[in-house]
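Asker: Same order as they appear, the protein sequences are chains A and B. Count along the first sequence from 1, add 1, and you get the number used in my numbering. Count along the second sequence from 1, add 1, and you get the number used in my numbering.
Worth flagging that the hints you see were computed from the coordinates, not collected in a lab. One should not assume that every hint holds.
[What the hints assert, rightly or not] Label-pair distances were calculated between CB atoms; the ranges are: (1) A/A305 with B/S166: 49 to 57 angstroms; (2) B/G269 with A/R123: 47 to 55 angstroms; (3) B/G70 with A/E149: 53 to 61 angstroms; (4) A/A192 with B/G114: 54 to 62 angstroms; (5) A/A82 with B/G70: 21 to 29 angstroms; (6) B/D218 with A/A82: 24 to 32 angstroms.
Quick caveat: nothing in here was measured; it's all calculated off a predicted structure. Ideal Cβ placement from N, Cα and C applies to all residues, glycine included.
Protein chains: 2
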Amino acid sequence: MKVTVLAGGVGGARFARGVREHARRSGDIERIDVVVNTGDDWWLAGVRIWPDHDSLLYTLAGENDDERGWGRRGESERVAAELQAWGVTPPWFTLGDLDLGTHLARTAWLRAGETPSQVARRLGTRWDLGVTLHPATDDEIDTHVVVEGGDRMHFQEWWTRHRASLPAIRFEHAGIAKASPAPAALAAIGAADVVLVAPSNPVVSIGPILAIPGMRDALRRAPAPVVGVSGIIGGAAVRGMADSCLAAIGVETDAAAVARHYGARSRGGLLDGWLVAEEDAASGPALTADGIPSVAVPLWMRDADTSARLAADALAHASTLRADARRA
Amino acid sequence: MKVTVLAGGVGGARFARGVREHARRSGDIERIDVVVNTGDDWWLAGVRIWPDHDSLLYTLAGENDDERGWGRRGESERVAAELQAWGVTPPWFTLGDLDLGTHLARTAWLRAGETPSQVARRLGTRWDLGVTLHPATDDEIDTHVVVEGGDRMHFQEWWTRHRASLPAIRFEHAGIAKASPAPAALAAIGAADVVLVAPSNPVVSIGPILAIPGMRDALRRAPAPVVGVSGIIGGAAVRGMADSCLAAIGVETDAAAVARHYGARSRGGLLDGWLVAEEDAASGPALTADGIPSVAVPLWMRDADTSARLAADALAHASTLRADARRA
């Protein structure tokens, strides 16, 4: 079986690691591809930073700092202090030294003319990831945020400097009208037996992937069922600041509301199925009536076991949907 | 008095520090400008490296590693190991973390469209240098070395990887035919009361400065006397691998031979005067006959005292030459 996951950063990385763990245990997954959000990417001090990709890379490589939740294990910040002394980085964004090595390598390859997909492939060879990472697009679609009062800033400034505390009016992806899905990402979607939507931020992680012209069509045409996992449990975001993002687009911080925001694939949306936490089970019948058959399972990814189980539950739900579709 | 120094890296930095020390002690130097060799500059892993400029910057800032002789005090190499793991830097060139901060800031400003002269000015504001550094040219004139057998490599590979051990046939500066002196460097030469040529490598430090079209003319037209300091003492280079470089251009490793290589300004060359070590005093009369009046003084720059004294000796020699010229 081939599994393709749409994913953002930290939550996506934990989910992808769970899928890989399930694959190792079950032995019935031959290939895992991850289509990675590029909406968080940005240029800083002349280097190209891919926060979500690198969260996936380091987590799958076992090189992430699990305590802090992001970045490299054993990280230091020697260069960052210099960059701030020179005034080329703002005080609210610190580049780790080990992380900077990745940024510099990536930037060198990009400047040499390689596409982001090619660069991701190179970055993926250093460690045995067991997963192939694909930027959702080879075009730059950096996110900007328009906040109340009309100020416009790069997503990273809103997210990292202001901790998403400035009320956002809308998110804009510069240049997205001319962007297209990366061919390798499209191929991974087209070849998948199951497409899973990770419990990542629906607005700023999954949203930018879906906003790439052609991506929604590709997902609708995919032969595989598309099953999403809620990143909202009992009305609260599992991590990150998803509530601020959902508020900006007028969606409630609620598992069912997010499912309806994605929409039923049978009615032109994204999802064939949906996984919610057990405390959100009550929304199940209404969602099923809305064309998004849902199951309630344990959603907390605490360790390898719980993450692998969540992946197994998502694949089992996809399998049921496929069987239902065959019967229909 | 305004003093302008032509200089390369480590030797040039020590000499410039000596000029500054003499200025502080004597109180009769109002301004020190240094025209810096750019022939060692190169691109590595997408960042622009200015070895000679940075040796001057760190030395004048008191931030250099005096024991090692180059780079920053308290340096570490966390990023370098990553860059090598990614394969974007060769194993024979290690970028220090603190140093990398400088490279990244510089590269960001260059990519934003600033000239090297503008960037040098910015870099010069962080510390109180007491000296203004000017790249000799705003054009890239990276040095390549053709070695016996015909192989061609970047100067840094020849110098750092091979320790100048491969016999060099010639040095080539890519793009130098279209290069021109940086306006600020020219202005510093034109406004000087004395021009000093630091005891830097005559071939790969002073040579590239002189090879910039228009630079020799500017020095010939300068109203100030031009006085050089030998980097060769008793037939041996004070530091670096000047002998390999001199051999490549067919010049003996000898203080008088280097003076003749620079040539008498009165006969179309560079020098009005020349300082040699006391052990090389015997060459004095012949050099004077060749139009390069020489004096023998202690050349070893061991500390602030000896460096300041050497600067004072060079300025005194220039003063004598000026008086002689007035009498003539």
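Asker: Please go over all the hints and tell whether each is borne out by the structure.
Answerer: The hints, checked one at a time:
no.	hint	verdict
1	A/A305 with B/S166: 49 to 57 angstroms	holds (53 angstroms)
2	B/G269 with A/R123: 47 to 55 angstroms	holds (54 angstroms)
3	B/G70 with A/E149: 53 to 61 angstroms	holds (57 angstroms)
4	A/A192 with B/G114: 54 to 62 angstroms	violated (44 angstroms)
5	A/A82 with B/G70: 21 to 29 angstroms	holds (24 angstroms)
6	B/D218 with A/A82: 24 to 32 angstroms	violated (44 angstroms)
The structure shown violates the earlier hints numbered 4, 6.
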